[in-house]
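In order, the protein sequences belong to chains H and P.
Mapping the first sequence onto numbering that gives the first Met the number 0, position 169 (from 1) lands on 168, and the numbers just tick up by one.
Mapping the second sequence onto numbering that gives the first Met the number 0, position 93 (from 1) lands on 92, and the numbers just tick up by one.
Think of the hints as simulated: they come from the structure by calculation, not from any bench.
Even for Gly, the Cβ is constructed at its ideal location relative to N, Cα and C.
Among the hints, a few may not be true.
What the hints assert, rightly or not - Output of the computed footprint for chain H on chain P, the stretches with three or more beta carbons under 8 Å from beta carbons of chain H:
{"no.": "1", "stretch": "32 to 38"}
{"no.": "2", "stretch": "93 to 99"}
{"no.": "3", "stretch": "149 to 157"}
{"no.": "4", "stretch": "195 to 203"}
As the list claims (entries may be wrong) - Examples of chain P residues lying across from chain H (beta carbon under 8 Å, computed):
{"no.": "5", "residue": "ALA12"}
{"no.": "6", "residue": "CYS16"}
{"no.": "7", "residue": "LEU18"}
{"no.": "8", "residue": "LEU19"}
{"no.": "9", "residue": "LEU73"}
{"no.": "10", "residue": "ASP86"}
{"no.": "11", "residue": "GLY87"}
{"no.": "12", "residue": "VAL90"}
{"no.": "13", "residue": "PRO135"}
{"no.": "14", "residue": "ILE162"}
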Amino acid sequence: MAEMTADISPKDLSGSEIITAREAGFLLCHDCHKLIADKGEDTPERCPRCEAAIHRRKPNSITRTWALVLTAVVLSFPANMLPIMRVDFLGTADYSTIMDGIIYFFQTGSYGIGAVILTASILVPGFKIIGIVLILLSIHFKWKTWLRHKTLLFRAIEFIGRWSMLDIFVIALLQTLVSFGNLTSIETAVAATYFTGVVLSTMFAAITFDPRLLWDA
Amino acid sequence: MSTLRAHISDLLACPDCDLLLEHKHIEHGEKACCPRCGHVLHAPKRNSVDKTLALALTGLLLFIPANFMPIMTLDTMGFMQAGSIFDGIRVIYESGYLFVALMVALTSFAFPLVKLSLLFYVSLHLKLKRYPHDLPLFMRLYKHLDEWGMLEVYMVGILVAIIKLHHMAHIHYDFGFFCFIGLLFVALASSVSMDEHEFWQRIEDRSV
Numbered sequence: 000m001a002e003m004t005a006d007i008s009p010k011d012l013s014g015s016e017i018i019t020a021r022e023a024g025f026l027l028c029h030d031c032h033k034l035i036a037d038k039g040e041d042t043p044e045r046c047p048r049c050e051a052a053i054h055r056r057k058p059n060s061i062t063r064t065w066a067l068v069l070t071a072v073v074l075s076f077p078a079n080m081l082p083i084m085r086v087d088f089l090g091t092a093d094y095s096t097i098m099d100g101i102i103y104f105f106q107t108g109s110y111g112i113g114a115v116i117l118t119a120s121i122l123v124p125g126f127k128i129i130g131i132v133l134i135l136l137s138i139h140f141k142w143k144t145w146l147r148h149k150t151l152l153f154r155a156i157e158f159i160g161r162w163s164m165l166d167i168f169v170i171a172l173l174q175t176l177v178s179f180g181n182l183t184s185i186e187t188a189v190a191a192t193y194f195t196g197v198v199l200s201t202m203f204a205a206i207t208f209d210p211r212l213l214w215d216a
Numbered sequence: 000m001s002t003l004r005a006h007i008s009d010l011l012a013c014p015d016c017d018l019l020l021e022h023k024h025i026e027h028g029e030k031a032c033c034p035r036c037g038h039v040l041h042a043p044k045r046n047s048v049d050k051t052l053a054l055a056l057t058g059l060l061l062f063i064p065a066n067f068m069p070i071m072t073l074d075t076m077g078f079m080q081a082g083s084i085f086d087g088i089r090v091i092y093e094s095g096y097l098f099v100a101l102m103v104a105l106t107s108f109a110f111p112l113v114k115l116s117l118l119f120y121v122s123l124h125l126k127l128k129r130y131p132h133d134l135p136l137f138m139r140l141y142k143h144l145d146e147w148g149m150l151e152v153y154m155v156g157i158l159v160a161i162i163k164l165h166h167m168a169h170i171h172y173d174f175g176f177f178c179f180i181g182l183l184f185v186a187l188a189s190s191v192s193m194d195e196h197e198f199w200q201r202i203e204d205r206s207v
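Chain H extracted, bound-state conformation:
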């Protein structure tokens, strides 16, 4: 089983001379993390353990991530400028954007909850978009510094991605509970669709991005 082994100097494994799986002639399965010998043309197309498609790096990672992050930027405008919620009170309709909702919490003294919504709906999506763009630019211009921190930034982006759905869940609950006919009711408004689109495209941007590309540069 000669092809199952690799020549590696003991120094490499102690970490003083960095060697990557790619340099040593190995591939890593994206799904089950099995190490597979890279035999060029003869490499199996599917992982022998989990049958996932095998790639040296995620296919078209940079292009796909740019496309998704730009989609998120475009969708952010209607998501923040259009109303996300309609409150009917005794026959008068009042529309509010995400920011209006946050300002309302701060004005009525609910600072904690205002801060939570501000973080989940404005800061987290903003952080995700700026962070991914920074990482993509860093690869494009081959900036080789702060690699560990940029990887950490990417892991943070992956981790917080889902929390942006918070505002949508709150509106779903409010619409369910506050429906007292003509007296008062709360309804979802048009920005909810765009906002959900922002969450979806930023989450997919994190999925299509391959952090190993930072280290390849």
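Starting from the structure of chain H, add chain P where the hints point.
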């Protein structure tokens, strides 16, 4: 330069930075991190299969009441309005926002259910030492769905809604509320107890 011929099974690579590393045995409760980028490579859990099986089963039992029983009732001047998690999906669908309704349905309902079912199916078969050919497929599906189940985000959403509404109405907490909290903790615990590395190794070895 002296070289050693390392066998592929003694090596592993960091999924975040591709650093090639030697496989070292680590004890339960310890974790192995990548020395270059800090990625957690492996954190073995004690009795991973048993715990995951028990937690996934508990989660499945709590699932129906947590999603279909009312979580709370709002009482404003004698007008009562109760709502469940499932109602939240229905009302958004009825007001015409299909995409939003679909995303809420998937992330708060369908994906958590599928995740628990997959964990139950896989850990039950590993427990019984049976290895049907679809286990790897279900393991992969679980990995891809992992971040799309958003029960804990929904829980924070419930808290925000409570704080927003408690000024204007009296809130009664219903049975579904407590089932949902239970479901949330069980679902979180099940994904923590699942030791991916051990599960894959067992599937590959078809023994232990």
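Verification of the hints:
1. Counting residues of the stretch 32 to 38 of chain P whose beta-carbon sits less than 8 Å from any beta-carbon of chain H gives 5, enough to reach three: the coverage restraint holds.
2. With 4 residues having a beta carbon nearer than 8 Å to a beta carbon of chain H, the stretch 93 to 99 of chain P meets the requirement of three or more and the stated coverage holds.
3. Coverage of a stretch by a chain is defined here by at least three residues with a beta carbon nearer than 8 Å to that chain's beta carbons; for the stretch 149 to 157 of chain P and chain H the count is 6, and the condition holds.
4. For the stretch 195 to 203 of chain P, the proposed coverage by chain H is satisfied: 5 residues have a C-beta within less than 8 Å of a C-beta in that chain, meeting the threshold of three.
5. The beta carbon of ALA12(P) comes within 4 Å of a beta carbon in chain H, closer than 8 Å, and the hint placing it at the interface holds.
6. Given the 8 Å rule on beta carbons, the hint for CYS16(P) holds: about 4 Å separates it from the nearest Cβ of chain H.
7. Given hint, LEU18(P) at the interface with chain H, holds; its Cβ is 6 Å from that chain's nearest Cβ, closer than 8 Å.
8. Taking 8 Å as the C-beta cut-off, the interface hint given for LEU19(P) holds, the closest approach to chain H being about 5 Å.
9. The interface hint given for LEU73(P) is met, as the beta carbon of that residue sits about 5 Å from the closest beta carbon of chain H, less than 8 Å.
10. For ASP86(P), the shortest C-beta to C-beta distance to chain H is roughly 4 Å, which falls under 8 Å, so the interface hint holds.
11. For GLY87(P), the interface hint holds, the least distance from its beta-carbon to any beta-carbon of chain H being 4 Å, beneath 8 Å.
12. A cut of 8 Å between beta carbons decides the hint on VAL90(P): the least distance to chain H is about 5 Å, and the hint holds.
13. Here the hint on PRO135(P) is kept, as its CB sits about 4 Å from the closest CB of chain H, short of 8 Å.
14. For the restraint placing ILE162(P) at the interface with chain H, the shortest Cβ-Cβ distance is roughly 5 Å, inside the 8 Å limit, so the hint holds.
Comparing the model with each numbered hint stated earlier shows that all of them hold.
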